[in-house]
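Asker: Each chain, letter by letter, is given below.
There are 2 protein chains.
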Amino acid sequence: MKTIKLGLLGLGTVGGGTLRILQDNAEVLSQRTNARFEVTRIAVRDLNKPRAVDTGDIALTDDPRSVVDAADVNVVVELMGGTGLARELVLRAIENGKHVVTANKALLAEHGDEVFSAAARRGVQVAYEAAVAGGIPIIKALREGLSANRIDWVAGIINGTGNYILTEMKQPGADFDAVLRQAQALGYAEADPTFDVEGIDAAHKLTILAALAFGMPLRFDRVHTEGISRITADDMRFADMLGYEIKHLGIARRTDAGVSLRVHPTLIPKDVLLASVSGVMNAVMTHGDQVGPTLYYGPGAGAGPTASAVVADLVDVARGMTCGETVPALGFRETTDLPVLEMEQVECACYLRFLAKDAPGVLAQFSSALADEGISIEHMHQEPCEDGSGDALVVLITNVVPEAAMNRAIRRLEALEAIDGSVQRIRIETLN
Amino acid sequence: MKTIKLGLLGLGTVGGGTLRILQDNAEVLSQRTNARFEVTRIAVRDLNKPRAVDTGDIALTDDPRSVVDAADVNVVVELMGGTGLARELVLRAIENGKHVVTANKALLAEHGDEVFSAAARRGVQVAYEAAVAGGIPIIKALREGLSANRIDWVAGIINGTGNYILTEMKQPGADFDAVLRQAQALGYAEADPTFDVEGIDAAHKLTILAALAFGMPLRFDRVHTEGISRITADDMRFADMLGYEIKHLGIARRTDAGVSLRVHPTLIPKDVLLASVSGVMNAVMTHGDQVGPTLYYGPGAGAGPTASAVVADLVDVARGMTCGETVPALGFRETTDLPVLEMEQVECACYLRFLAKDAPGVLAQFSSALADEGISIEHMHQEPCEDGSGDALVVLITNVVPEAAMNRAIRRLEALEAIDGSVQRIRIETLN
Chain A
1 MKTIKLGLLG LGTVGGGTLR ILQDNAEVLS QRTNARFEVT RIAVRDLNKP
51 RAVDTGDIAL TDDPRSVVDA ADVNVVVELM GGTGLARELV LRAIENGKHV
101 VTANKALLAE HGDEVFSAAA RRGVQVAYEA AVAGGIPIIK ALREGLSANR
151 IDWVAGIING TGNYILTEMK QPGADFDAVL RQAQALGYAE ADPTFDVEGI
201 DAAHKLTILA ALAFGMPLRF DRVHTEGISR ITADDMRFAD MLGYEIKHLG
251 IARRTDAGVS LRVHPTLIPK DVLLASVSGV MNAVMTHGDQ VGPTLYYGPG
301 AGAGPTASAV VADLVDVARG MTCGETVPAL GFRETTDLPV LEMEQVECAC
351 YLRFLAKDAP GVLAQFSSAL ADEGISIEHM HQEPCEDGSG DALVVLITNV
401 VPEAAMNRAI RRLEALEAID GSVQRIRIET LN
Chain B
1 MKTIKLGLLG LGTVGGGTLR ILQDNAEVLS QRTNARFEVT RIAVRDLNKP
51 RAVDTGDIAL TDDPRSVVDA ADVNVVVELM GGTGLARELV LRAIENGKHV
101 VTANKALLAE HGDEVFSAAA RRGVQVAYEA AVAGGIPIIK ALREGLSANR
151 IDWVAGIING TGNYILTEMK QPGADFDAVL RQAQALGYAE ADPTFDVEGI
201 DAAHKLTILA ALAFGMPLRF DRVHTEGISR ITADDMRFAD MLGYEIKHLG
251 IARRTDAGVS LRVHPTLIPK DVLLASVSGV MNAVMTHGDQ VGPTLYYGPG
301 AGAGPTASAV VADLVDVARG MTCGETVPAL GFRETTDLPV LEMEQVECAC
351 YLRFLAKDAP GVLAQFSSAL ADEGISIEHM HQEPCEDGSG DALVVLITNV
401 VPEAAMNRAI RRLEALEAID GSVQRIRIET LN
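Those protein sequence lines, which keep their order, are chains A and B. Start counting the first sequence at 1; every next residue gets the next number (my numbering). Start counting the second sequence at 1; every next residue gets the next number (my numbering).
Note that these hints are calculated values from the structure, not bench results. Treat each hint with caution, since some may be false.
To be verified - Simulated crosslink set (DSSO-like; lysine-lysine; CA at most 30 Å straight-line):
{"no.": "1", "chain 1": "A", "residue 1": "K357", "chain 2": "A", "residue 2": "K170"}
{"no.": "2", "chain 1": "A", "residue 1": "K170", "chain 2": "A", "residue 2": "K270"}
{"no.": "3", "chain 1": "A", "residue 1": "K170", "chain 2": "B", "residue 2": "K170"}
{"no.": "4", "chain 1": "B", "residue 1": "K5", "chain 2": "B", "residue 2": "K49"}
{"no.": "5", "chain 1": "A", "residue 1": "K270", "chain 2": "B", "residue 2": "K270"}
{"no.": "6", "chain 1": "B", "residue 1": "K170", "chain 2": "B", "residue 2": "K270"}
{"no.": "7", "chain 1": "B", "residue 1": "K357", "chain 2": "B", "residue 2": "K170"}
{"no.": "8", "chain 1": "A", "residue 1": "K170", "chain 2": "B", "residue 2": "K270"}
{"no.": "9", "chain 1": "B", "residue 1": "K357", "chain 2": "A", "residue 2": "K270"}
{"no.": "10", "chain 1": "A", "residue 1": "K49", "chain 2": "A", "residue 2": "K5"}
So that you can see chain A by itself, here it is in the shape it has in the complex (with noise of 0.2 Å):
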C-alpha cells in the first residue's frame, strides 16, 4: 500500500474537520484507494492556538512556504482562503510538482485561468470539489457525470446564509433586517455579511459552474450581482400568492447571443424542485441538451460537508497519482472565450412592485408605460395599502422582455405622477 503525503494549508474548521476525516475514516479511505493518507505537515497562523483535533506528531509552523516546498510533501491541501499568499503559495506548490487540493473559491474565480494553466504546464491536478456548495459533488457531476451534454443552463442555491434569510422572510411579517439579526445570533451569518447576502460568495462559485458548464474561462469580473437586502415581507407574501418562492440563484445561461452570468433574488415556481430547498442547505439544478434538468442537493457549508469535498477530492488525487492522463480541471481540454451578455440583453420575465395613487387612469397610465416598452402585463394584483393613505399596493407579472427594456420602462414608472416611490423588481425564472 502506497503512502500520500499531505501537507496542509490552514488548521480552522475545514482543515480540523479534514484532518479528523483521514483520522476517523482511515480504514474506508484504503479500502477505497489501496493508499494511506499521512499528514506530514500543517501550516498554522497562531502556532499556540489550542486546536479542537488531536495534530499528534504532526510537524506544525507558521511558515506555509516551508509546507509548499517539503520534500515529505506531495499533496498541497489549500485551506486558508484569501486570494493573495493562497495564490502564490498554490501556484508554488505546482511548481513544485505537487498535486493541491483547495477549497478556495474567491481563488479559483478570480485567478483560476492561472492556477489550472501553470498545473497543466507542471501536469499535477488541482482539485476543488469544496469550492462550491460544499459536501454535494456538482463539480465532479458537471465535469464527468454530465459529459455527454452541452449543458444549457445551470441555476444554483448556493450560498446557504442567504438561502437560511429567505426561508426566515417566509413567517408573516418577518423582514431582512430582523432575519439578519437572528441568522448572526445563530452563527449561519457573519459580523460583517456582505460577501453572503450581497451575493459576493455566490458569484464566485457562479463563475466556477459556468466554466465547468460551458468550457469557458473563469469570468468573476463579468457577473451581474444583485443582494438579497432589498427583498421585503411584502415580496415574500406576494410571491406566496402568485405560486412562487423567492430564490438568491446564481444562474448562467448560453444563449445564441453569449452566455448570461447572474446572481439575484429570482421568483422561481414553487412546483420547480430547487423551490423546496429551504434553510442553510445549497442546491445546484442544471439542463443538459441530452438528460434535461438534474438537480444536486445538500449542505453547502460545516467543516463536515465541506472536509468529505476535499477528501473526495484526495481520494481522486491517490486515485490519479500513477496515471498518466486525468480529467481536465474545468472538464474541457481546452476552454471557449464564448461572449457574456450585458446584463441590459439578458431576457426575464419580472415581478414589479409599486404604490400607485387612488386616481381615475392611473391603470392605463402604467401600462400604457409598459406597452410603450414593448411589455405586456400576465398577471396583476392590487390591494389597498394599510397606512390609510388611499394608496394602492400593486404587483405585477411581466411577459419576457430584455432587462434594457425592463429598465427603461421602471424608469418610465417612476417618472409617472401616479406613482409613489420606486418600482421593485425581481426577476422569474421558470427553470424549464
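Please arrange chain B on chain A, whose structure you already have, making use of the hints.
Answerer: Coordinates of chain B only, in the frame set by chain A:
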C-alpha cells in the same frame, strides 16, 4: 487525437439515443477527451427493422458474438438487456480484453460480482452509470463524490413508473387500477407492469446502490420487495392529512446488527425534499457520516437521459484507457460481506389503517393488542365509514418497533372481533 472504436449490442431506445449523442455532440466529446468515438459495429435482433437513427456505413449484424470478438472494437456497449445472452456476451467481451459499458441493472444486480471480478482479473473497466436512475450521475456520486464518507443509508425513488402512479393517485379519489391504465395509455407503464409496480426493477437498482454505499457484494436475493398495488385512495388522503407523502422507496440502511435492504411503499414527511419529487422523475437521497444528507434528482429513464449516462461512461473509459489504475467498479478495492438483516429484524414506525366496529371498548381492544407487543400509538385519527355501516375508519401512527413485533401485532388486530378485514401497514421513514 486517438480514436476509440465502439461496438454496440442493441439499437433500441437507449442504443439509438447513444448513437445520436455520439453524432450530435461529437465536438463537445472531443473537447472533453482528446479522443474521437467511432461506432464500428452494431448488433441488432432484426436487420430489416427500420431505424429512427442514421447508422451510415456502420456494420450492422444479427450476430452479437461477432461484435464482442471483433478486432476493431475497443469498448463494447451492452444495451440489449436481459441476464442470459447479455451475461454471456459481457463476459466474453471482458475475456477478449475489451472495456464494457452497460445499462443492464438486472445483469449487474444478479451477476455483478461475477462480471466485476472477471473485469478486475482481465484489467478492463465495466462502467454502468446508466443502470441506476438513468441520467442522474448517482453511481459517480456514491463511488467517487462521497468517497470520504462511511455511508449510513441510501433511499431512492428509483422507478419512474411507480412514482408517476403514486403522484397521480394524489388526485382525490384516483385509485391504483385507474391510474395504472392511464399510465399504460401514456406509455409510462408496460402492458405487463409487474416489473415496475411490484418493485423488482427498484430492487435491482437498490442492490447496486447498496453495494456502492457499503462496499458489500451484490445481494439481490436478500432484498425484501413489496409493490404499490395495495395502496388505496384512502391511504393517499390520510397520509396527506398526517403530513406525509407515500413514495415507493428503495432503502438500504446500515445498522449495528447488519444491513437492511428493502423496497416498499413508505410514508415520508412532506418537508423532506424527497417528498417533493413527483411524476416520472427519480431521486436518490443518501446520508454520509461526514457530509450528512445529499440528494440527486433527475429523469430516471428515456432515450436521452439514459444515453447521457452511457456516453458519460464512455468519456470516463476514454480518459482511463491510457491509465494504469482506475476507480474500482464498486468504489472499494474489496467488498465486505456485511450481514443482511431479515425483514423481521428491521425497525420502523408504521402507519396502520383498518375498519373498526362502532362498539364500546374497541379502542381499548386494539390499543392493548398493540401494547402487548410493546407498540405505542403516537397519533390516531378516526372517522365514520362512508358505507353507512356505523364502522369507523381508523388510522394510527406507531412508534419505531421491530418488524417482527409489528407483524405479531397486526395478526392480533386482525383476529379481533371488533376489526373488520385486514390491516393496511405502510412503513414510515423520517429520513433524518
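Asker: State for each hint whether it applies.
Answerer: Here is how each hint holds up against the structure:
Our distance criterion of 30 Å between C-alpha atoms is met by K357 of chain A and K170 of chain A, whose separation comes to about 28 Å. Only pairs whose Cα atoms come within 30 Å are accepted, and K170 of chain A paired with K270 of chain A is accepted, the gap being roughly 13 Å. With a C-alpha separation of about 26 Å, the suggested pair K170 of chain A and K170 of chain B falls inside the 30 Å cut-off, and the hint holds. With a CA separation close to 24 Å, the supplied pair K5 of chain B and K49 of chain B stays within the 30 Å bound.
Between K270 of chain A and K270 of chain B the CA atoms are separated by roughly 14 Å; this keeps the pair inside 30 Å, and the hint holds. Between K170 of chain B and K270 of chain B the CA atoms are separated by roughly 13 Å; this keeps the pair inside 30 Å, and the hint holds. A threshold of 30 Å between alpha carbons decides the hint, and for K357 of chain B with K170 of chain B the separation of about 28 Å falls inside it, so the pair holds. Note on K170 of chain A and K270 of chain B: the hinted pairing holds, with a Cα-Cα distance of about 17 Å set against a maximum of 30 Å.
In summary, the hint linking K357 of chain B to K270 of chain A is not supported, as the alpha carbons are separated by about 42 Å, beyond the 30 Å threshold. A hinted pair counts as satisfied when its Cα atoms are at most 30 Å apart, and K49 of chain A with K5 of chain A qualifies at roughly 24 Å.
When each numbered hint is compared with the structure, a violation occurs for hint 9 only.
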